[in-house]
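2 protein chains.
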Amino acid sequence: MYDLLQGLRVVEGSAFVAAPTCGLYLAQMGAEVIRFDAIGGGPDFRRWPLADNGASLYWEGLNKGKKSVALDLASPAGREIAQRLATAPGKDAGLFVTNFPVDGFLSYERLKTLREDLICVRVMGWADGSQGMDYTINAALGLPQMTGPADDARPVNHVLAAWDLLTGAYCAFGLVSALLARTRDGRGREIRAPLSDIGAATMANLGFTAETGLQGRQRPRMGNDVFGAFGRDFVTRDGQTLMLLAITPKQWAKALEALDLTGGVAALEAELGVSFASDEGLRFTQRDRLYPLFEAAFARRTAAELAPAFDAAGVTWGAYQPLEAALDDPRLYKGNPVFQEIAHPSGLSYPAPGAMATIPQAPRGEVRPAPRLGEHTDEVLAQLLGMSAAEIGRLHDAGVVAGAEGR
Amino acid sequence: MYDLLQGLRVVEGSAFVAAPTCGLYLAQMGAEVIRFDAIGGGPDFRRWPLADNGASLYWEGLNKGKKSVALDLASPAGREIAQRLATAPGKDAGLFVTNFPVDGFLSYERLKTLREDLICVRVMGWADGSQGMDYTINAALGLPQMTGPADDARPVNHVLAAWDLLTGAYCAFGLVSALLARTRDGRGREIRAPLSDIGAATMANLGFTAETGLQGRQRPRMGNDVFGAFGRDFVTRDGQTLMLLAITPKQWAKALEALDLTGGVAALEAELGVSFASDEGLRFTQRDRLYPLFEAAFARRTAAELAPAFDAAGVTWGAYQPLEAALDDPRLYKGNPVFQEIAHPSGLSYPAPGAMATIPQAPRGEVRPAPRLGEHTDEVLAQLLGMSAAEIGRLHDAGVVAGAEGR
Numbered sequence: 012m013y014d015l016l017q018g019l020r021v022v023e024g025s026a027f028v029a030a031p032t033c034g035l036y037l038a039q040m041g042a043e044v045i046r047f048d049a050i051g052g053g054p055d056f057r058r059w060p061l062a063d064n065g066a067s068l069y070w071e072g073l074n075k076g077k078k079s080v081a082l083d084l085a086s087p088a089g090r091e092i093a094q095r096l097a098t099a100p101g102k103d104a105g106l107f108v109t110n111f112p113v114d115g116f117l118s119y120e121r122l123k124t125l126r127e128d129l130i131c132v133r134v135m136g137w138a139d140g141s142q143g144m145d146y147t148i149n150a151a152l153g154l155p156q157m158t159g160p161a162d163d164a165r166p167v168n169h170v171l172a173a174w175d176l177l178t179g180a181y182c183a184f185g186l187v188s189a190l191l192a193r194t195r196d197g198r199g200r201e202i203r204a205p206l207s208d209i210g211a212a213t214m215a216n217l218g219f220t221a222e223t224g225l226q227g228r229q230r231p232r233m234g235n236d237v238f239g240a241f242g243r244d245f246v247t248r249d250g251q252t253l254m255l256l257a258i259t260p261k262q263w264a265k266a267l268e269a270l271d272l273t274g275g276v277a278a279l280e281a282e283l284g285v286s287f288a289s290d291e292g293l294r295f296t297q298r299d300r301l302y303p304l305f306e307a308a309f310a311r312r313t314a315a316e317l318a319p320a321f322d323a324a325g326v327t328w329g330a331y332q333p334l335e336a337a338l339d340d341p342r343l344y345k346g347n348p349v350f351q352e353i354a355h356p357s358g359l360s361y362p363a364p365g366a367m368a369t370i371p372q373a374p375r376g377e378v379r380p381a382p383r384l385g386e387h388t389d390e391v392l393a394q395l396l397g398m399s400a401a402e403i404g405r406l407h408d409a410g411v412v413a414g415a416e417g418r
Numbered sequence: 012m013y014d015l016l017q018g019l020r021v022v023e024g025s026a027f028v029a030a031p032t033c034g035l036y037l038a039q040m041g042a043e044v045i046r047f048d049a050i051g052g053g054p055d056f057r058r059w060p061l062a063d064n065g066a067s068l069y070w071e072g073l074n075k076g077k078k079s080v081a082l083d084l085a086s087p088a089g090r091e092i093a094q095r096l097a098t099a100p101g102k103d104a105g106l107f108v109t110n111f112p113v114d115g116f117l118s119y120e121r122l123k124t125l126r127e128d129l130i131c132v133r134v135m136g137w138a139d140g141s142q143g144m145d146y147t148i149n150a151a152l153g154l155p156q157m158t159g160p161a162d163d164a165r166p167v168n169h170v171l172a173a174w175d176l177l178t179g180a181y182c183a184f185g186l187v188s189a190l191l192a193r194t195r196d197g198r199g200r201e202i203r204a205p206l207s208d209i210g211a212a213t214m215a216n217l218g219f220t221a222e223t224g225l226q227g228r229q230r231p232r233m234g235n236d237v238f239g240a241f242g243r244d245f246v247t248r249d250g251q252t253l254m255l256l257a258i259t260p261k262q263w264a265k266a267l268e269a270l271d272l273t274g275g276v277a278a279l280e281a282e283l284g285v286s287f288a289s290d291e292g293l294r295f296t297q298r299d300r301l302y303p304l305f306e307a308a309f310a311r312r313t314a315a316e317l318a319p320a321f322d323a324a325g326v327t328w329g330a331y332q333p334l335e336a337a338l339d340d341p342r343l344y345k346g347n348p349v350f351q352e353i354a355h356p357s358g359l360s361y362p363a364p365g366a367m368a369t370i371p372q373a374p375r376g377e378v379r380p381a382p383r384l385g386e387h388t389d390e391v392l393a394q395l396l397g398m399s400a401a402e403i404g405r406l407h408d409a410g411v412v413a414g415a416e417g418r
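So the sequences go chain by chain: A and B.
Under the working numbering, think of the first position of the first sequence as 12, with each following residue one higher.
Under the working numbering, think of the first position of the second sequence as 12, with each following residue one higher.
Careful: at least some of the hints might be erroneous.
To be verified - Where chain A lies over chain B, by a calculated footprint (3+ residues, C-beta under 8 Å): (1) 60–70; (2) 145–158; (3) 161–172; (4) 181–188; (5) 338–350; (6) 381–394; (7) 400–408.
Everything labelled a hint here was simulated from the structure, so no lab data went into it.
For every residue, glycine included, the Cβ atom is placed at its ideal position computed from N, Cα and C.
In isolation and in its complexed conformation, chain A is listed as follows:
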C-alpha cells in the first residue's frame, strides 16, 4: 500500500468487477475504503473460482485492503444506514463508489439531500440504465466477430473482462479528479460510467469506428495477425509458439537480423519494388508474402536457440506460456516485489499484489488481505455514524446489521 491517498475515506456499495476494482485501486493507494454488502454476501460473494471450503478467491482478490460492513439491504433500516455511510461527514469523505441502480435508494439525488457535496461514482451497464454486463456489451461492439482464426466464423468472447477493468480504473481516475475539483469549488458531482459508453468511446479512440465508417464494414477477423503492422505467432522447430512484433523500423530491422532474414526480405523487396523498413502498413498488406519467410525461419530453430538470439538483438517477442508457467516466471510473479505472500479470509495463504504501479521513492508497505464479510460493522457504525454500543447491539438483535460471519 502506498500513501498517496492517505486521509481519503471512500464508501463502496458494489458487486462484480468494475466498481470493486475502483475501490481496490483507491485502497492500495492509501484511501480508507469501506465496502458494505448484504448480510450473507451480495451477488458476487460466492463467485468462482472457489477455494475448497467454498470461499470465493474472486471476492477476496477484488476486495483486498477494504473494510467490510454487512447490512440488511432489503430493509428500510439497513438501507438508511447505507445512505448514511455513503454521506457521512468528513473533509476528504463523502466519496461513494457504486454499481447500484441509478434511480434506486442509492440514487445521487437521494444521497445529495444527506450530503450536498457528495461525489458519487456510479458504474452502469447500458447508459440508459438497462441491464448490461461486460460480455453482452462486448458482443454489441463487434469485437467477438473480429477475434479468432480467420478460418472459423464463430464469435469469440474475450476471457478477460476488459470493459469492466477499464471502467474500474477510469472510475478511480474520475473519483480523484472530482475530489480535486471539489477541493477547488466545494461542489459535489455524480460521475456516471456506463460500460456501454466506455466501450463505444474506446472503439472510437482507437480508430475502429472511423475505419468502419469509411469502409462501410468492420475489420475482418485475421487470427493473431496484428492489424496494420507486422506481428503474429510463429511455431518453432520444437513446436513452441512465439509471438513476434515489429512495429517500429528498429523492431523490424532487429527481427530480420535475428532470424537471418535480411537477405530474403531484400530479395522480396526487389521483386515487389517496395521498402518494408519505413512502412509498417506495407508489411501488413504484404504479409502473405512475408509470412512464408518467417515461418521457415522459425521452423529452422528451436525456441531455446531463438530466445537468446532475440534477446541479444532486442527483438520484441514473447513465448506463449500457461499461467502455471507464468507463476514461476520472475518477470511476472516469482520474487516480484508487487506481490507478498499473505493469509486470506479463505484460510489460504498465497501471494497477492498491492498497487499495480511502483513508486521507487516510497516504501511499498504491506499488502492487506480482504476483510471477512462484516468484520468492521461495529467499528464503522461507531466511528462514522457515532452509534453507541447499545444502539449497535439493537441493530444486531433486529437483524439489520451483522458482524463477521453473520454474527
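Based on these hints, arrange chain B on the given structure of chain A.
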C-alpha cells in the same frame, strides 16, 4: 470536455496506446495536455487504420484535445527542450506522462534535477525495462490459451489491447493521486506502470492466479461459456447469435421464464436432486445438462420474437452485431451525447467522443479534435519556456523544432 482538472498542465512524451490514452483522459477532464513528438511524427504517427490520404485515424483518435509540439528528439538541443517542457514551472504543472525508456534522457533522476517536485508517470513494457508490448505480455499470462472454442487448440490473441487500455486509465488515476499527495506534502514522485505488473496483478485480483496455484494448472479454454456461472452464446431459429447471462438468482429466474424453461429445468433439478436457483456454480458444473434445454428453446424462436420477451422480463442478454450495426445503434453511437461530429486533422468529419463518463450536473462542452503535428510548437515554447520570437525562429532554422506540417 469537463472541467474537473481545470488548471492542470500535463506534458506527454509518448507513443502507442497506454500513455496517449492517459493524456487523452486527462485532457477530456479539463487538463491542458501538451504532447511532444519527433518532427515528422513518432513511431505511432502513421499507424493504421489510415484515411485515404494516409492520415492516421488511430493517432487522431488518441490525441484529441491535446496540443502538439514537434522537436528533433535525436538532437541534444531538441532533447533539452523536451526536458524543459516536462519540468516547466507552474503550481499544477510539473506533470509528465511518458513511455520513454526509464534510464534515457527523460529519466526521472535527470528530470528531477530540473524540477524537484516533478510527478512523472511512466508506462513501461516489462518491469525490468526490457521490450514488451501488450500482445507479447498477454501471451506470457496464459490468456490466449484460455480464449476461443474448446475444439481448437490454437492460441487466440485479444483484438482489443486490454492491458494498454487498463494501464492508460490507471496511469491517469496515478497522476491525479500523486498530485493530491504533492498538494499535501510538496513532494514529487515517479509512478512506474509496467504492463507486466498490471497484467500480473490483475490476473491475481480476479482470482486467476490463486485458482491456478490451487489446481496446478490454468483454467481450460471453454469457448464462450462464462466461467463459474451460466452464460453462453445461443443461436435462434433464424440463425442470429445471442449472448445470454444468468449470474444472479434474479437473472436466472427471468431467463427461465422468458424462455419457457421453468418446467424443463425443474424436471432436471428433480432428476439431479439439486437447486440451480441459489447456486451459480452448479449451473456451471451442470452446463452440459442445461445447454440442450436452452439450445432447443432458442431454436424454437426467432431473434425478433426473443428480443422483446427478454427485454420485458429484464433478462441480461445481448445480440452479437458487427461494428457497422453498432454505429446505427442508439444505445452506443447514434445520438449518443458522448459523441459530437467534428472535423479532424485528416480532413474528415466524423463523430468523436469526449470524456467516457457523464456528469449530469455539468455541461459536456465541446469535443476537441487532435492537433496537427507541431501545431502548437511556437505557442508552447513562448508560454512555457518564455522564449522570444527570435529565439524560436532560430530553433526552426536549425531544425530543432517544427511547426504544423513540418514547417
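We went through each hint and held it up to the structure:
no. : hint    : verdict
1   : 60–70   : holds (count 7)
2   : 145–158 : holds (count 12)
3   : 161–172 : holds (count 9)
4   : 181–188 : holds (count 7)
5   : 338–350 : holds (count 8)
6   : 381–394 : violated (count 0)
7   : 400–408 : violated (count 0)
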